[in-house]
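Based on the sequences and whatever the hints tell you, model everything.
If you want the building blocks of each chain, they are given just below.
Number of protein chains: 2
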Amino acid sequence: MTDLSLTGARALDSQDVLRTYRERFVLPKDVVYLDGNSLGALPKATMPRLVEVTEQQWGRDLIGSWNRHDWINSPINVGRKIARLIGAAPDEVVVTDTTSVNLFRLVVAALELQSQRSDVLSESGNFPTDLYICEGATRAFGRGARLRIVSRDRVADSIDSSTALLLLTHVHYKTSETYRMAEITEAAHARGALVLWDLSHSAGAMPVDLNGVKADFAVGCGYKYLNGGPGAPSFLYVAKRHHARAFNPISGWHGHARPFDFTDEYVPAPGIRGYLAGTPSIIALAALEVGVDLLLEAGIERINVKTRALADYFVALVESSCADLGVELASPHRSDERGSHISLSHAHGFEIMQALIAQSVIGDFRAPDIMRFGFTPLYTRFEDLWIAVDVLRQVLLDERWREPRFAVRSTVT
Amino acid sequence: MTDLSLTGARALDSQDVLRTYRERFVLPKDVVYLDGNSLGALPKATMPRLVEVTEQQWGRDLIGSWNRHDWINSPINVGRKIARLIGAAPDEVVVTDTTSVNLFRLVVAALELQSQRSDVLSESGNFPTDLYICEGATRAFGRGARLRIVSRDRVADSIDSSTALLLLTHVHYKTSETYRMAEITEAAHARGALVLWDLSHSAGAMPVDLNGVKADFAVGCGYKYLNGGPGAPSFLYVAKRHHARAFNPISGWHGHARPFDFTDEYVPAPGIRGYLAGTPSIIALAALEVGVDLLLEAGIERINVKTRALADYFVALVESSCADLGVELASPHRSDERGSHISLSHAHGFEIMQALIAQSVIGDFRAPDIMRFGFTPLYTRFEDLWIAVDVLRQVLLDERWREPRFAVRSTVT
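Taken in order, these protein sequences are the chains called A and B. In case it helps, the numbering used here puts the first sequence at residues 1 to 413. In case it helps, the numbering used here puts the second sequence at residues 1 to 413.
Derived from the structure by calculation, the hints contain no laboratory data. Keep in mind that this is a model prediction, so the values were computed, not measured. One should not assume that every hint holds.
One copy or two, either will do: identical chains are not told apart, so a pair holds if it fits within one copy or between any two.
Straight-line C-alpha distance at most 25 Å; calculated SDA-like pairs for lysine to any residue [what the hints assert, rightly or not]:
id : residue 1 : residue 2
1  : 44        : 55
2  : 29        : 61
3  : 44        : 56
4  : 174       : 265
5  : 44        : 60
6  : 81        : 211
What follows is the structure in structure tokens.
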């Protein structure tokens, strides 16, 4: 029986093995930040690292820094670290470009590998950029390639002999529901399809075992749970068995076997380096590395334990104190079926989230009626959740929400 | 008659209308930095700006910064500034991704626009990533698309009814030779081809008039003359007349008309915003903006006058003091036929550049025999060039270079 009082919350915090990590982040006073699933908080070590890279390296050593400070290998070196969070071998992950660009290059690579098959299969309501990129990639590729979108409950049964690639997001950005990666990857392989997993809402929040589930490709986001800063570079994973065959359509010079020979012909570098393209932002990579280092230090298994405890506790609080106030759990009830955020639905979700933010409880809203609350075990306390639900309860008691839903709503951005 | 003494160099510096800009950069003491064409120096205003964006915005305002600090519009806002340097309308330029990724998306867009034509025509010895990207883009596009490479002197005559796109670099990265943009763009248009200009070695160093020459597309680099930092984001230009027709194959959510509606279907934002894709690095964009602001403040016309004066002075020094020492001018002699660096060839160019660098004169080497010296009017002094050529003369006098060329050379990176 969980003690749902404020004292109980504080007791949970005092027993938390990760409690000291909160001190490693810059967090505004008196704010309950539950949006690390959208933009992770700033590690305190990031600013000194940016000073070092900018003033000491760029400013002082200038062009020589590519060798002296090993800038040239930072996409590989940070990729190697991220590999440990997602169950990949060290030479299967590289940091480069954005999630959108990495989705594009892997979708095209898969279409070429599967030249007898036309379809990229995905889920309606998948994170939109995944679908948008598939639209553009299939159009650019031509040759009958097309994006096929089916509802979530029909995904598994829709994999057929036309399916070149199955593209799914492990943790759903709205509902937090997870796919059983092993099961669905196996089903896809059994029907001859490749699988690309978008780990944007899982990497850094929960363990992923790409090698264990025999995933073909994966991409993920650097600015959510990896705490790499706004627009941090993305990572991509290509299973070693595909390295020699899966081509990188965006074949820029950093992916060349000998970039400084400056020859006219492209010869891909062997292994994961062959998936690089243009010159990466060294400053952005440095910021991302600081975030990743913190996660490795804390340990993804310990993070996962706390993620589940936080989410369970939040659900218990909402069920206990907000029952009959019009909110419903829009995430799975079972902690092993969801990621690191909890979504609540309410017909007035947009206005209620605005009211929460006005009282310094920061979550976010996704149309039409979803309020998201993200839990980031390195800096979210049980006490934060207690405060959040206490404020939520006060807001929900407002009589406005008992009226019919507003006809016109301002646009959320 | 130029006074080629050190006193003469100092006199030129004292008359230089841009002389105060050197104080706006962090430059290591006793180093002559002539590689701003590869990595521009660090503006003093960059670090405070990074502190502001990181600590004040990301750290304190967190996710709210996308609106409060207008992060969402920074690719457009910085693009608008760069537009003033390259003769484009404010809504024709956007900052996003890397030069390689932008080349890719515009090559594919051009191939689709020109569906009756198969060839991307370029120059052998063009900057390699331009050719590598075309290789990957034509392969991804299929439908008979191919990259056709001809020697520089045959480019103009090779434009024919198969040419979908002519891709050229305005200033050659090795020789510094420029193309006459107006003339060759007109010739391409007359034969039904579109033209994509790579401005990586011109933007920020000399005026470019994209609208004046009726260019269709352009890309350029943020980390050379724009002083945006290592791996700074790139910019792309699409002439307004193509906005409604030229599709962005990498169609990510930031290019969507209503990205926060989270709908399944991609609807491109009107105008240049439709060429965005994934979430951009806000930290990298902030650093780039500082570099661009400095150039706008100094004025591209004044920069151009000094660029030419520096290059002419350097050539005069080399011709006067290094005659008969085995170096040859590998750049055009006429200042209106070249960009902002001067290349010298020497059979022992690699070793000579290493010797220069060991004496703190930083240029770079490009195989097989090219030594490059880049001039960046905001921080390069005439005195720097005098010192550089004085050191060069001492190095060239070394008896080693009179022996046959070394058979084996270590790889330069």
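### Query
Hint numbers the structure violates, sorted upward?
none
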